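With the hints as your guide, set chain B onto chain A.
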Amino acid sequence: MNRVPAGHTTAGAAVPVVVTGLGTVNALAHATAAFTTALRAGTCAIGPVTGFDAMGYRSRIAAEVKDLAIPTWLPSPLRRRASRSDLFALIAAREALADSRLDVAAAPTRVGIILGATTAGMMSGETALFERLEGTRRRYTKTPLLGMPMATSADILATVFGCEGPRLVLSTACSSSATALGVALDWIRLGRVDAVLAGGTESMCRTIFAGFNALHALALEPCRPFDRRRAGLSLGEGAAVLVLESAEHAARRGASAHATILGYGMSADGHHLTAPHPEGVGAALAMRRALARSGVAPADVGYINAHGTGTPLNDGIEASAIRQVFGPAADRVAVSSTKSALGHTLGAAGAIEGLTTILALRDGFLPPTVNLEEPDPACALDFVPRTSRPADLHYALSNSYGFGGNNTTVVFGRA
Amino acid sequence: MTMDRAALKLKLKELLVSGLRLQDTEPSAIADEQPIFVEGLGLDSIDALELVVLIEEHFGIAIPDEEVGKSAFASIDALAAYISAEQARAG
Numbered sequence: 220m221n222r223v224p225a226g227h228t229t230a231g232a233a234v235p236v237v238v239t240g241l242g243t244v245n246a247l248a249h250a251t252a253a254f255t256t257a258l259r260a261g262t263c264a265i266g267p268v269t270g271f272d273a274m275g276y277r278s279r280i281a282a283e284v285k286d287l288a289i290p291t292w293l294p295s296p297l298r299r300r301a302s303r304s305d306l307f308a309l310i311a312a313r314e315a316l317a318d319s320r321l322d323v324a325a326a327p328t329r330v331g332i333i334l335g336a337t338t339a340g341m342m343s344g345e346t347a348l349f350e351r352l353e354g355t356r357r358r359y360t361k362t363p364l365l366g367m368p369m370a371t372s373a374d375i376l377a378t379v380f381g382c383e384g385p386r387l388v389l390s391t392a393c394s395s396s397a398t399a400l401g402v403a404l405d406w407i408r409l410g411r412v413d414a415v416l417a418g419g420t421e422s423m424c425r426t427i428f429a430g431f432n433a434l435h436a437l438a439l440e441p442c443r444p445f446d447r448r449r450a451g452l453s454l455g456e457g458a459a460v461l462v463l464e465s466a467e468h469a470a471r472r473g474a475s476a477h478a479t480i481l482g483y484g485m486s487a488d489g490h491h492l493t494a495p496h497p498e499g500v501g502a503a504l505a506m507r508r509a510l511a512r513s514g515v516a517p518a519d520v521g522y523i524n525a526h527g528t529g530t531p532l533n534d535g536i537e538a539s540a541i542r543q544v545f546g547p548a549a550d551r552v553a554v555s556s557t558k559s560a561l562g563h564t565l566g567a568a569g570a571i572e573g574l575t576t577i578l579a580l581r582d583g584f585l586p587p588t589v590n591l592e593e594p595d596p597a598c599a600l601d602f603v604p605r606t607s608r609p610a611d612l613h614y615a616l617s618n619s620y621g622f623g624g625n626n627t628t629v630v631f632g633r634a
Numbered sequence: 003m004t005m006d007r008a009a010l011k012l013k014l015k016e017l018l019v020s021g022l023r024l025q026d027t028e029p030s031a032i033a034d035e036q037p038i039f040v041e042g043l044g045l046d047s048i049d050a051l052e053l054v055v056l057i058e059e060h061f062g063i064a065i066p067d068e069e070v071g072k073s074a075f076a077s078i079d080a081l082a083a084y085i086s087a088e089q090a091r092a093g
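Residue numbers (this note's numbering), protein chains in the order written: chain A, 220 to 634; chain B, 3 to 93.
Just chain A, with the same shape it has in the complex (with noise of 0.2 Å):
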């Protein structure tokens, strides 16, 4: 007898996964439809950092969320007391799940959340300690260091949601959420969920807003990435979360679909604690391993969502592995990067930039690489400098690239 791989219809296809649901608070926007208009405008949310006091680090600026107002709708305790980044998560995520209109009631321990986090709570951990060296509280207080494990939002959405699913929060470094996309549609495929609530949170804190700067990976103006005069990454924060399921599940429902998950691929550089692998071979290889796995040839991606930080070894080594993958092919596709409007959310990049490239599809337009005035020549590819394009997009890949050799790519397709 004939057995079917695990993750496959009997007919021997990889089992078809959709997304349904999108969620996003970050700095350029607080819901998907105004983050869709800003990004299309070309919008450059990054400024002066207000969040806590940047004086004496070399950077000041940043890429923060706005004029938040804590939602009405969380429950009393929860609305006193979630962290900034668990805030940002459960608003991100009541989108997502109304977007995708899924009843999570009708089956409560079918529904997963994966959510790839960085430094999550940091902020609130930092606030007690402060106040505890500053003798302002003599003893430390239980809300913020409650807030402050990178396991505590998906218990929160877990317990707003009443998601019983399997529940998962894991760290990839800034591919995090790139990575928790592409385990959520293994979860998928496997048949051990039928739908996840899958993404990334992140919010501003001083410990990485210090260690970038010790590492003058913080560029002194808004990140211009892909431009000649390229000076290192803009920090943010923010939240995209994703309503993942396999299109029978979709269908059965009478659900629509904005997009389809196709597959992912990581690697590891294997390399250095910081720098990416000179020669991108672990950038490479994801962009390889995804596209082979989602059964997608180069030549029929029309963009790259970039990892792109604007930082000068990532961006040029990134577009030469882009170069290697795509051959050819690469003068035919459209690639940017979404850090240059809303700076690097490291937790959230993967999602968030995965919720953009879906966008793009959905939308038919390339989202541009704002603030890119001289593209470098050594980097030479369509980077949609400073507007928008339309564009007739059948698949799309979203690059993402993390401190250690962290890379994972994940294929999206119109749906």
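Bear in mind the hints are in silico, worked out from the structure with no lab data behind them. This one's a predicted model, so the numbers in the text were calculated from it and none came from an experiment. C-beta: ideal position from N, C-alpha, C; glycine also. Hints should not be assumed to be uniformly reliable.
As the list claims (entries may be wrong) - Pulled a few chain A residues facing chain B out of the computed Cβ check, cut under 8 Å:
hint, residue
1, 296
2, 355
3, 356
4, 357
5, 358
6, 361
Said to hold, decoys possible - Simulated crosslink set (DSS-like; lysine-lysine; CA at most 25 Å straight-line):
hint, chain 1, residue 1, chain 2, residue 2
7, B, 13, A, 285
8, B, 13, B, 72
9, A, 285, B, 72
Using the frame of chain A, we list chain B on its own:
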């Protein structure tokens, strides 16, 4: 240091609002005999732990265990009575 009972109750209400971030509640809107937890102000067990710390910080009075906490945190009246008694005991 002892305090007039009415002033003590007002201070406790202000402490609840600021310390537990009850932004939507006016201190004066909390009734002296109103239950503080669950159905009263919507506080939960984590708030109880916070309140133990707040009382210790502001009055130097410990809530040694859950039994004491349960009766002391029944209402603002009960909490003020507990603090006054402890202060009197300490002289």
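Results for each hint:
no.: 1; hint: 296; verdict: holds (5 Å)
no.: 2; hint: 355; verdict: violated (10 Å)
no.: 3; hint: 356; verdict: holds (7 Å)
no.: 4; hint: 357; verdict: holds (5 Å)
no.: 5; hint: 358; verdict: holds (5 Å)
no.: 6; hint: 361; verdict: holds (5 Å)
no.: 7; hint: B:13 with A:285; verdict: violated (33 Å)
no.: 8; hint: B:13 with B:72; verdict: holds (20 Å)
no.: 9; hint: A:285 with B:72; verdict: violated (40 Å)
In this structure, the earlier hints numbered 2, 7, 9 are contradicted, and the remaining ones agree with it.
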